[in-house]
Amino acid sequence: MLRLSARRLAAAGNGCRMLSTSAVVRDQADDIGPKAFTKEFMTKVSSTLAPPNFPSDFFKKAEAKEEGGPLPEKLTFSLYLPHKQHSKQSKVDLVLLPAVTGDFVKLDELDPEAVRAGLQEYTGKLGSLQGKSDDYEIAAAQIGVDVYSAMNAALGN
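For the sequence shown, this note's numbering gives the first residue as 6, with consecutive numbering after it.
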């Protein structure tokens, strides 16, 4: 058994493994393009499926930059919120975003009484759970306190 294991190990180390073909497939895929892919896709799938969309269907092509041309001095920045367009095609030096997930609401949509009640609820929960519960419940209560504290501070209370 030891001889057999040694033989297999030696065979694996001397180049008997097959090379991965993913790089070859990726190079071929780059040459095909969306139109050829869609044509091939429609021959292989049910006729009730809609053809897939590609980013090129939604975005206009970027202008071709000349080789060795100057770098732009500023970034082009757009930010859309659910209730308004904050910035569109603005030229900026730097963009700092505190998070990429979360919900935006207007301050006038927040009910100050509900925020105070939520803060009191989670503060009470956190106080009653200290030393008596598992870490998950304590963390959930702490998150509630943090969220309601931030909303309360934003409202100026």
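Calculated from the structure, these hints are not laboratory results. Hints are supplied without guarantee of correctness; some may be wrong.
As a list, the in silico DSS-like pairs of lysine-lysine whose alpha-carbon atoms are at most 27 Å apart [said to hold, decoys possible]: (1) LYS40 to LYS66; (2) LYS89 to LYS65; (3) LYS96 to LYS65; (4) LYS96 to LYS79; (5) LYS111 to LYS66; (6) LYS40 to LYS65; (7) LYS93 to LYS111; (8) LYS96 to LYS111.
Computed beta-carbon distance windows for the label pairs [claimed, not checked]: (9) SER83 to PRO56: 51 to 61 Å; (10) ILE143 to ASP98: 39 to 49 Å; (11) ASP98 to THR53: 42 to 52 Å; (12) THR81 to PRO103: 17 to 27 Å; (13) LEU76 to VAL152: 39 to 49 Å.
We put the CB at the ideal spot given by N, CA and C, even for glycine.
Query raised in the report: Does the structure break any of the earlier hints, and which numbers would those be?
Result: 5, 9
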